[in-house]
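Undergrad: Protein sequences appear in the order of chains D and F.
Residue numbering for the first sequence follows my numbering, beginning at 1 and increasing consecutively.
Residue numbering for the second sequence follows my numbering, beginning at 262 and increasing consecutively.
Honestly, the hints are just simulated from the structure, not real lab data.
Please note: incorrect hints may appear among the correct ones.
Said to hold, decoys possible - Covered, in the sense of this in silico footprint (three residues per stretch, anywhere, with C-beta under 8 Å from a C-beta of chain F), are these stretches of chain D:
#, segment
1, 94 to 102
2, 105 to 113
3, 158 to 171
4, 181 to 188
Just so it is clear, the structure is predicted and the values come from calculations on it, not from any experiment.
Backbone N, C-alpha and C define an ideal beta-carbon position, used for all residues, glycine too.
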Amino acid sequence: MAGLTTPSFAARAGHLALRWSLVVALFVSWELLTRSRTFTPFMLPSPQSVLERIWRDGSSGDLFINMALTIYRALAGFLIAAMLGVSIGLLMARNAGLRWFLDPVISVGFPMPKITFLPVIVLWLGFYDTAKISMVVFDAIFPILTATIAGVRSVEKELIWSARNLGARERDLLWQILLPAASPQILTGLQVALPIALIVAVVAEMMMGGYGMGGAMIQASRMADSRGVFAGILEISIVGWIFVKAMVMLRARLLFWHAQR
Amino acid sequence: MNALSSAVLRYSPLLILALCWEAAARSGLFSSSSLPPLSAIALAWVDLARSGDLTGNTLASLWRTGAGLGLAIVIGAVLGFAMAFWRGAETALSPVVELFYPLPKSALIPVTALWLGFGDGSKILLICMGCMLPVTMGAFNGALSADRTLLWSARSLGASRLRSMWDVVLPSAVPELLNGIRTALALSFVLLVSSELIVSREGLGYLIGFLGSNGTYESMFAVVLTVAFIGFLADQLFESFVRRILAWRD
């Protein structure tokens with residue numbers, strides 16, 4: 001139904017203006033709060049000083065190195081998790097033995113706090129990118145796997161039977177029926193997994209140190225450099241916001257043919 | 262007996278994995294520090310439990326999660342319902358929620374450490390701030406999902422605004438709210454462990470880091486598996502609690 005009544009341009013512009021003015025209001029109240037001296041500049045640095053700090057990090061290039069490294073780790077882990085998760089999920093749908101073996105593993109692994117295994121991964125893989133990306137894969141794969149399994153399971157039996165009847169082979173069935181029919185749920189799983197990938201990348205960086213936004217923030221925190229910490233929060237939330245919006249756009253684009261955009 | 266044997270059959274893959282672990286560790290292919298056998302880990306667990314290290318740190322961790330999550334549920338639910346009932350609250354809060362929702366919650370670890378130091382306070386604040394929004398969203402979406410006709414009927418039958426809120430909107434918001442709390446529960450463990458691993462002097466995450474840097478890897482694995490199990494158990498308990506609460510719905 002939503003597609004039939006597209007809001008007018010003016011209404012959309014008005015809505016957007018209202019949103020942004022509220023964001024601006026948030027910043028103004030932050031500024032006023034710091035001016036009122038309720039908190040010391042150490043506890044809550046002024047937005048101006050934080051923005052100056054971001055500008056300085058940006059012009060020295062540190063900001064881009066850290067951001068690029070964090071985004072690379074999160075996205076690399078996310079993509080590996082997506083490929084592994086979707087293919088294992090599809091295989092499980094078609095293979096009873098694999099399903100028998102992995103079902104309990106997933107149902108126990110899904111609710112576990114996977115981040116606990118970070119020290120084990122450090123022990124096995126060291127402190128470098130391999131360890132950080134592996135941690136991201138380990139954490140991000142579960143929502144993708146469960147979404148894929150649920151998506152394939154909900155494909156109508158009639159659809160599969162008709163395809164079979166019309167002579168579709170196992171491979172055609174996978175690519176032309178199961179994957180497209182399960183794609184709304186798979187994309188929901190991916191939408192859940194991407195923020196997780198970013199969270200885990202940041203935690204791994206915080207624990208292992210080195211370059212990256214998490215490492216920079218924990219360094220700032222240890223030096224009691226509150227401007228650096230707040231600059232980090234602002235930068236990470238912008239990256240997180242872009243990730244979430246990008247996934248929503250990707251979903252709309254991939255599912256343009258589907259009602260559940 | 263039948264239930265037991267079907268449970269054994271269902272979870273036998275986990276048993277197979279455990280046996281593979283034991284065999285791999287004993288085969289000598291891996292060094293015993295990077296992959297201690299499960300039997301050695303079990304012995305280390307018993308030692309840790311006897312010495313009291315495990316209980317003390319577990320209690321410290323559970324207190325932090327419990328307090329943080331409890332606060333998050335109360336504040337989050339109140340905010341969510343307020344947003345659903347008063348347009349003013351929604352206008353004021355929705356941009357804040359929308360800005361903070363995609364924020365990777367782990368980014369708050371350094372701030373809370375900066376504000377409140379390395380102790381309980383910073384962990385409780387972190388868990389509270391990090392887990393609040395899923396609860397808020399659950400309460401908000403749940404309250405909005407209340408059947409309008411039911412609400413109108415209640416009002417036209419003479420129920421006051423508050424009364425119809427309590428009797429109509431809250432019960433229909435419960436499933437979504439519980440869903441939000443379940444997300445928050447999982448998140449609370451993630452935040453607890455990561456903050457304890459990074460900045461702490463007490464708690465299970467700290468114990469893992471301490472044992473790891475001491476090189477007593479059997480004990481480290483024992484605590485890692487304990488934390489994973491506690492997280493799993495909490496989720497299962499919550500799920501059976503939800504099933505009991507929602508038993509009245511078909």
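Undergrad: To test your reading of the hints: which numbers does this structure violate?
TA: When the structure is compared with the hints, numbers 3, 4 turn out to be violated.
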